[in-house]
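If you read the sequences in order, they're chains P and Y. Residue 282 in this note's numbering is what sits at position 282 of the first sequence, and the numbering runs on without skipping anything. Residue 536 in this note's numbering is what sits at position 34 of the second sequence, and the numbering runs on without skipping anything.
Wrong hints could be hidden among the right ones.
Simulated crosslink set (EDC-like; lysine to aspartate or glutamate; CA at most 16 Å straight-line) [stated by the list, open to error]:
no., chain 1, residue 1, chain 2, residue 2
1, P, Lys33, Y, Asp568
2, Y, Lys592, P, Glu273
3, P, Lys33, Y, Glu567
4, P, Lys145, Y, Asp535
5, Y, Lys592, P, Asp160
6, P, Lys341, P, Asp160
7, P, Lys241, P, Glu273
8, P, Lys145, Y, Glu567
9, P, Lys212, P, Asp230
10, P, Lys68, Y, Glu509
11, P, Lys186, P, Glu25
12, P, Lys68, Y, Glu567
13, P, Lys94, P, Asp117
Hints were generated in silico from the structure; no laboratory data involved. Since we're looking at a predicted model, the values are computed, not measured.
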Amino acid sequence: MSNYTDELVDFDEALDRYDPVLGFEVHVELNTKTKMFSDAPNAFGDAPNTNVTPVDLGLPGVLPVVNKTAVEYSILIGLALNCQIAEKCGFARKNYFYPDTPKNFQTSQYDDPIAHDGWLDIELEDGEVFRVEIERAHMEEDAGKLTHMGGAAGRIQGADYSLVDYNRAGVPLVEIVTKPIVGAGKRAPELARAYVAAIREIVKNLGVSDAKMERGNVRCDANVSLMPKDAEKFGTRTETKNVNSLRAVEHAVRFEIERHAAVLDSGNKIVQETRHWHEDTRSTTSGRPKSDADDYRYFPEPDLVPIVTTAEWVEELRSRLPEPPADRRKRLKAEWGYADKEFRDVVNAGVLDEIEATIAAGTSAAVARKWWMGEIARLAKAAEKEIADLGVTPQTIVELNSLIEAKKINDKIARQVLEFVLAGEGSPAEIVEKRSLAVVNDDDALGKAVDDAIAAMPDVVEKIKGGKMQAIGALMGPVMKATRGQADAGRVREIVMEKLGL
Amino acid sequence: MSAISREDLVHLAQLAHIEMSDAELDKMTGELDAIVGAIASVSEVASSDIPATSHPIPLTNVLREDVVGQTLSIDDVLLNAPDSDSDRFKVPAILDGE
């Protein structure tokens, strides 16, 4: 355990002298109903050790059986990543001793992953595209959850003992491994973030994972190495574990680039090791030296026979693929006619689905964006929620908009009505009715209010007649008061002009 | 030349968390070497057009539908646990033990 404070080199300076090479291993937890090799429930947040069968405990004499849905989900992921699907593949035991697996091995795939040799185009914010080559996507199982007790803040260092919950042991995982990514240069941290975001989006869109990083459904190990400009041989890499948010992925890659550059600048060598990411200090610390692959003594899993994928099966699965998220964005942007920044803001706010549904329900693209990025975004911010979690339905927006277009309410009142809808008072039309919020554009009622105002303010009337049209504003106050603020200001102005013969 | 050296065996014993005495290491080195040698004779009869195989029975795609079954009771789960706490297996400090 190294306790020294790492020297860092300024990011831009580091990139002047070195080219970064990245590589990612992203683990995706599938959302099948049962585990990979047992029929125990695959569920998050249940009481400890309640989703456990003898298979998950590795008890003697048990026989694992592969979950067909997990295999299909793995193939879907492979297809979405433009991979080749293996015609035949098998499982292997990866042997290691750690209490997170009671079997002392993880059932995984070794030299014959179910999917291999794919690619994914990653678009950064400004539109620059990097192609990331996918080496493989293989099936395996998750490990149990350790909780370290005693010592400081749940850390393994200094813990007195650990508690193990095997609910997660055996949950289906797909591990997606990239080939080395070269040429990202100073955009490496952004690309890292965008890549993991793209994987998360794809598996969510496929419906094969809940894809919640905060729950560990998508987890990233980030490999970083630096090589001097114009060098041909990759530098020594480190693998940073435990980077479990998009922001952390970006920060971890940036930190490792700055740290590697300082080590190399000082003439020292990078130690090939795992690094642990610490969100609180935004830094990494030394983990264990990376062991050689053959230390895991992989061997074919004798209890599981090979998986054979026929062309018919793969094509049937391919026909289930939804439109890729990146293609969908391109299509929607063109259909809606939003400017680049408008569209980017919509994507970042996570309301593509909501706007699409609102337009489908009958508003224009501009109106849908005005509501979701305006008042609804404001309310979400005030409630400290995601916009999509606020509970506003497309139908509410459609109704509010038609009330405005029918001049029953104005924008200001519409915003109040929305708050009443969220407070559970009913639909917009019901609320307008119940609370008597309809704009008064009944000409008799308005005419009477205008007459009263004219009679009460002769000096103002003189000014208007003398050509000072802005004086009309002074008549507006008493009219609004008389109609409890619900008069249509445009109509009031017209009536004043008529009455004064202008 | 031996296929299995004494150093190989020490390494394997460490990986497998098996404590072995010097006498055991000496004995097992020779025995394992003989076993590996015996298995190597397979390659004398297997020509290069025979694919490596890990399962002797030509069986594939033994798959299960994704349907939840019976789980163990918490008492049964923890029945063999040397120690437990709060319905979880209790294991000694991990880092100190290494």
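Starting from lysine 68/P, check that the Cα of glutamate 509/Y is at most 16 Å away, please. This hinted pair is violated, its Cα atoms lying about 43 Å apart.
Restraint status (C-alpha distance of lysine 94/P to aspartate 117/P at most 16 Å): 22 Å, violated
Restraint check for lysine 68/P with glutamate 567/Y, where alpha carbons must lie at most 16 Å apart: Given pair lysine 68/P, glutamate 567/Y holds - Cα atoms ~6 Å apart, limit 16 Å.
Restraint check for lysine 592/Y with glutamate 273/P, where alpha carbons must lie at most 16 Å apart: The hint is violated at about 29 Å.
Quick one, are lysine 241/P and glutamate 273/P close enough, alpha carbons at most 16 Å? Since the Cα atoms of lysine 241/P and glutamate 273/P sit roughly 10 Å apart, the hinted pair holds (cutoff 16 Å).
So if I understand the rule, the pair passes when the alpha-carbon distance is 16 Å or less; does lysine 592/Y with aspartate 160/P pass? 11 Å, holds
Do the alpha carbons of lysine 33/P and glutamate 567/Y lie within 16 Å of each other, as the hint requires? Roughly 10 Å separates the two Cα atoms, so the pair holds.
Is the hinted pair lysine 145/P and aspartate 535/Y satisfied, with a Cα-Cα distance of at most 16 Å? Violated - the C-alpha atoms of aspartate 535/Y and lysine 145/P are around 40 Å apart, more than 16 Å.
Can you confirm whether the C-alpha distance between lysine 212/P and aspartate 230/P stays at or below 16 Å? 40 Å, violated
Take a quick look at whether lysine 33/P and aspartate 568/Y sit within 16 Å of each other, Cα to Cα. 6 Å, holds
Would the pair lysine 186/P and glutamate 25/P pass a check requiring their Cα atoms to be no farther apart than 16 Å? The hint is violated at about 21 Å.
For the pair supplied as a hint, lysine 341/P and aspartate 160/P, is the alpha-carbon distance within the 16 Å limit? 53 Å, violated
In summary, the numbered hints that this structure violates are 2, 4, 6, 8, 9, 10, 11 and 13.
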